[in-house]
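There are 2 protein chains.
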Amino acid sequence: MQNARSHVKALTFDVFGTVVDWYSSIVAEGEKFGDTHGIDIDWTQFALKWRAGYGPAMNRVRSGELPWQNIDALHRLILDSLLDEFKIEGVSEADKNHLNRVWHRLKPWPDAVSGLERLRKRYIVATLSNGNVALLTNMAKFAGLPWDCILSAELTGHYKPDPEVYQTAAALLGLSPNEVMMVATHPGDLRASQAVGFQTALVPRPLEYGPGRVQGVNAHPSDLVANDFNELADLLGIA
Amino acid sequence: MQNARSHVKALTFDVFGTVVDWYSSIVAEGEKFGDTHGIDIDWTQFALKWRAGYGPAMNRVRSGELPWQNIDALHRLILDSLLDEFKIEGVSEADKNHLNRVWHRLKPWPDAVSGLERLRKRYIVATLSNGNVALLTNMAKFAGLPWDCILSAELTGHYKPDPEVYQTAAALLGLSPNEVMMVATHPGDLRASQAVGFQTALVPRPLEYGPGRVQGVNAHPSDLVANDFNELADLLGIA
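Protein chains in written order, with our numbering: chain H, 40 to 278; chain Z, 40 to 278.
Excised from the complex, chain H in its bound form (with noise of 0.2 Å):
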């Protein structure tokens, strides 16, 4: 794999899981939501379904039932249907609109700032996700994420694992796909990705749907496996 790695220009990072950790940082915003407005309902089990209701979302954009609508829309139709769920009532709509965001406000895994400061000094680093530019860019500067530049499904008018996004991003960085490796926690995203010609590396998040909830293992046959970011820029050599 030498070879082949001494042509990477760029590392585009998966964000949701692999750089920040959304189950843990929803789960404790939703946690002072319920403190302040007196609602008393299990936050991890809203987080999940948070979570779990954004696959089946895009799908339905992906396969042409929706018309295009960028994450925090998509977000916000789940959202709604959780508190209907939860039977969560009499939330504003300017109170709703700011626990939709919180999304744009999730923490980045220990390692990220500081493995991500290191992959720069080498590397292009950008977003590949499928959050949109604003999420992305709100969250970079909530999170002190040190991106190079900000790529996201959004500019491309598909959704990560659609074959386009990927090619689009080596495109819109003026490289081709073996310059570029994706760097990601999810075995389809990584697969996606390499079936346009990106490099791979898995970051596996165990923790990533909290304590003891590991969901299936998180394998593939990557050129590169690193448990965290300063782990990845050690294998690259970076100081």
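If you're looking for bench data, these hints aren't it; they were derived computationally from the structure.
Among the hints, erroneous ones may be present.
Some chain H residues flagged as far from chain Z (calculated, every beta-carbon gap over 12 Å) [said to hold, decoys possible]: (1) V47; (2) D74; (3) G94; (4) R99; (5) E128; (6) H143; (7) A234; (8) V235; (9) P245; (10) G251; (11) P260; (12) A265; (13) E270.
Looking from chain Z toward chain H, a few residues come up when the C-beta cut is under 8 Å (computed) [what the hints assert, rightly or not]: (14) D111; (15) V172; (16) A173; (17) T176; (18) K180; (19) D187; (20) L212; (21) G213; (22) L274.
No experiment lies behind these values; they were computed from the predicted model shown.
Glycine residues also receive a C-beta, built at the ideal position from the N, C-alpha and C atoms.
Chain Z: place on chain H using the hints.
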């Protein structure tokens, strides 16, 4: 203006001329290129003609005469005709490509990095340039420009001053136009952004075309006028 200005959440920046000094950067690289290749021409004229070809080339795209192509491609079109005009022969394809990418290696004005660091404490700071995403990303790494987000005409399928560029930029940031302030040295850019509802800040750059070559007065009825980015931060009350 104070009330309107208090809505601003993002500053979008013109880049060529406003943030970076294309003129002296290209003259310096050109002279080095000339020394290496034994080419004795007036690189100040070469730089000025390269830049002068840029507006007309974009207008061929804006009018539909040429299909969409990014600035790297347009710079190369102009470069090829300048190589003819200046009777420069025997340059390899790799060297032409490297020279064309001088636009990825432009030096910032002396105040640009420190001013942006101050401005980004309170605002999202983003490019909004006709330069393509790869060019702007590479330039940011080269010059140490601390953008929160790389926005480009390339993402909109239009070139400034088409209104779609500004409208799409605001939409990608999740903001309404009056929450965005365009920062530019060129009145046409400010005028076009103002026409779709942006706030505006004029930053005159009297050395843009080299010493003693001021091209008319950079006047525009902007919300703010600042001589550089640190003065802009001062005017906005940022320490």
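Against which earlier hints does the structure fall short, listed by number upward? Those not satisfied are hints 6 and 22.
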